[in-house]
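Chains as they are written, first to last, in the working numbering: chain V, 1 to 208; chain L, 1001 to 1223.
If you are wondering where the hints come from, they were derived from the structure by calculation, not from laboratory data. Worth double-checking, as some hints may not be accurate.
[To be verified] FRET-style restraints, in silico, Cβ to Cβ:
(1) L/Ile-1142 <-> V/Arg-144: 28 to 38 Å
(2) V/Asn-87 <-> L/Ser-1176: 22 to 32 Å
(3) L/Ala-1206 <-> V/Thr-130: 26 to 36 Å
(4) L/Ala-1115 <-> V/Glu-68: 23 to 33 Å
(5) V/Gln-197 <-> L/Leu-1100: 15 to 25 Å
(6) V/Asn-87 <-> L/Ser-1054: 28 to 38 Å
(7) L/Val-1029 <-> V/Val-99: 48 to 58 Å
(8) V/Glu-200 <-> L/Arg-1101: 28 to 38 Å
(9) L/Ser-1054 <-> V/Glu-120: 33 to 43 Å
(10) L/Leu-1100 <-> V/Asp-104: 42 to 52 Å
(11) V/Thr-172 <-> L/Leu-1194: 47 to 57 Å
[Stated by the list, open to error] To be clear about the criterion: a stretch of chain V counts as covered by chain L if any three or more of its residues have a C-beta under 8 Å from a C-beta of chain L, and this derived list gives those stretches:
(12) 111–124
(13) 190–196
Idealized CB from N, CA, C, for every residue including glycine.
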Amino acid sequence: MIQLTATSDRGLNRAVLLFVLAMLAGCGVTNVVIDGSFPTPNINKIPVSVAVLYDDALREFAYMEYSETGQEEFNIESGLSHVQLFNAVLPAMFDRVIVVESIDDAQSQGVDAVFAPAIEEFQLALPAKTKLEVYEVWIKYNMRLLTAEGDYIADWVLTSYGKTPTQTFLSTEAAINEAAVVALRDLASSFSLSFAQVPEVRDWLGSL
Amino acid sequence: MKYRLLNTNNAGLLIVLLGLLASCTSTTVDEFRQGETGIENDESVVILGRRQASDYETRSEFVECVGERMTRGDNSIRVVPEQEFVDAMFPWFEPRTAPLRTRDLEQLMAEDVVATKMNEFGIRYIVWLDGFTETSDRSGSISCAIGPGGGGCFGFGTWEDDANFDARVWDVGSLSSVGTINTDATGQSYLPALILPIPLIARVEANACSRLATQLKQFVLGS
Chain V
1 MIQLTATSDR
11 GLNRAVLLFV
21 LAMLAGCGVT
31 NVVIDGSFPT
41 PNINKIPVSV
51 AVLYDDALRE
61 FAYMEYSETG
71 QEEFNIESGL
81 SHVQLFNAVL
91 PAMFDRVIVV
101 ESIDDAQSQG
111 VDAVFAPAIE
121 EFQLALPAKT
131 KLEVYEVWIK
141 YNMRLLTAEG
151 DYIADWVLTS
161 YGKTPTQTFL
171 STEAAINEAA
181 VVALRDLASS
191 FSLSFAQVPE
201 VRDWLGSL
Chain L
1001 MKYRLLNTNN
1011 AGLLIVLLGL
1021 LASCTSTTVD
1031 EFRQGETGIE
1041 NDESVVILGR
1051 RQASDYETRS
1061 EFVECVGERM
1071 TRGDNSIRVV
1081 PEQEFVDAMF
1091 PWFEPRTAPL
1101 RTRDLEQLMA
1111 EDVVATKMNE
1121 FGIRYIVWLD
1131 GFTETSDRSG
1141 SISCAIGPGG
1151 GGCFGFGTWE
1161 DDANFDARVW
1171 DVGSLSSVGT
1181 INTDATGQSY
1191 LPALILPIPL
1201 IARVEANACS
1211 RLATQLKQFV
1221 LGS
């Protein structure tokens, strides 16, 4: 009899615990790791060798979206997907591309330039806040091109935008991921097509 | 036995009624032809959704539906899947870089890499689909309750769906626009609930897809 009561109490406690955990999970932050595949650009290569330098800020980039009450709502980790994107795009743009850990490494590799991308700003727009039936992601970058010695060649701002419509069976996490992947594709397309048109880059390419 | 017969009749009547109500969709197709068309066996069509607007975008499911229907039946046409084409053409057909006018297509085809890929796919026509389905005039209400003895819903809801899509056809051979087909489908959906909700959904987008695909196929074939 005592045993039975104890079992019932344990069962009840477990149910209460599960309920409390479920409630807490509903209030906590949701982690979204951006994951997508990026095609290789179909463009003519520029005959230069480039070292690419991904700093920790880019590799570990994450953006926190807060709810209207100031609570942490979505933590969007996009650093790794940015690295994957550049690794897919850059070899299609230049004759030779190597990834380096520092400017000194680039110098010893005898490359023509060092490319160092940085994310300056990340914005997310959710349908619940905008009242539009789309999820939107907007990212602002600072693209830097340096000589192998670390001297300035060019420094320009690039923005990318991606959106995905709300769908009945698509979760918010999946929709944010889709919008971010569209934004990353937008970055790849505008970067690869506009690179040689940046005035300082054009002058540098002309001087080689 | 008598009771069972009555039930079967009622079920039949209900199905007929549901069918009639669910098919309350009207579709209008307008065609505007600007040039001659025709397609060889080794040529194909690609259907792409326009995604430049800020507040909506042409759903890829609709684009897929039209393409899939064009490949069916007599005189079927080879249709290159949208995602396969856009990925192979990357970065030239992304929302920001895609050609908006035939003049832009002319410039794009001057790029060797683009022209080569276009030839590999055997693309003769590019069809740009632009549009969306809008829901309006929602009215009625349904209440649901659940208790120890069971649960159920009671009430009535209704709304109207309007699917409006434009299909602009570009001839890759002559680098010109050869025509536009507009499809507008409207339908009223009902949701009566008497213990169980019974959705009577007007298949507006499916009808728009079917009619547009049929018309596009005839248009491209030149008949």
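Structure-based check of all given hints:
{"no.": "1", "hint": "L/Ile-1142 <-> V/Arg-144: 28 to 38 Å", "in the structure": "violated (58 Å)"}
{"no.": "2", "hint": "V/Asn-87 <-> L/Ser-1176: 22 to 32 Å", "in the structure": "violated (40 Å)"}
{"no.": "3", "hint": "L/Ala-1206 <-> V/Thr-130: 26 to 36 Å", "in the structure": "holds (29 Å)"}
{"no.": "4", "hint": "L/Ala-1115 <-> V/Glu-68: 23 to 33 Å", "in the structure": "violated (51 Å)"}
{"no.": "5", "hint": "V/Gln-197 <-> L/Leu-1100: 15 to 25 Å", "in the structure": "holds (19 Å)"}
{"no.": "6", "hint": "V/Asn-87 <-> L/Ser-1054: 28 to 38 Å", "in the structure": "holds (31 Å)"}
{"no.": "7", "hint": "L/Val-1029 <-> V/Val-99: 48 to 58 Å", "in the structure": "holds (54 Å)"}
{"no.": "8", "hint": "V/Glu-200 <-> L/Arg-1101: 28 to 38 Å", "in the structure": "holds (31 Å)"}
{"no.": "9", "hint": "L/Ser-1054 <-> V/Glu-120: 33 to 43 Å", "in the structure": "violated (23 Å)"}
{"no.": "10", "hint": "L/Leu-1100 <-> V/Asp-104: 42 to 52 Å", "in the structure": "holds (47 Å)"}
{"no.": "11", "hint": "V/Thr-172 <-> L/Leu-1194: 47 to 57 Å", "in the structure": "violated (34 Å)"}
{"no.": "12", "hint": "111–124", "in the structure": "violated (count 0)"}
{"no.": "13", "hint": "190–196", "in the structure": "holds (count 3)"}
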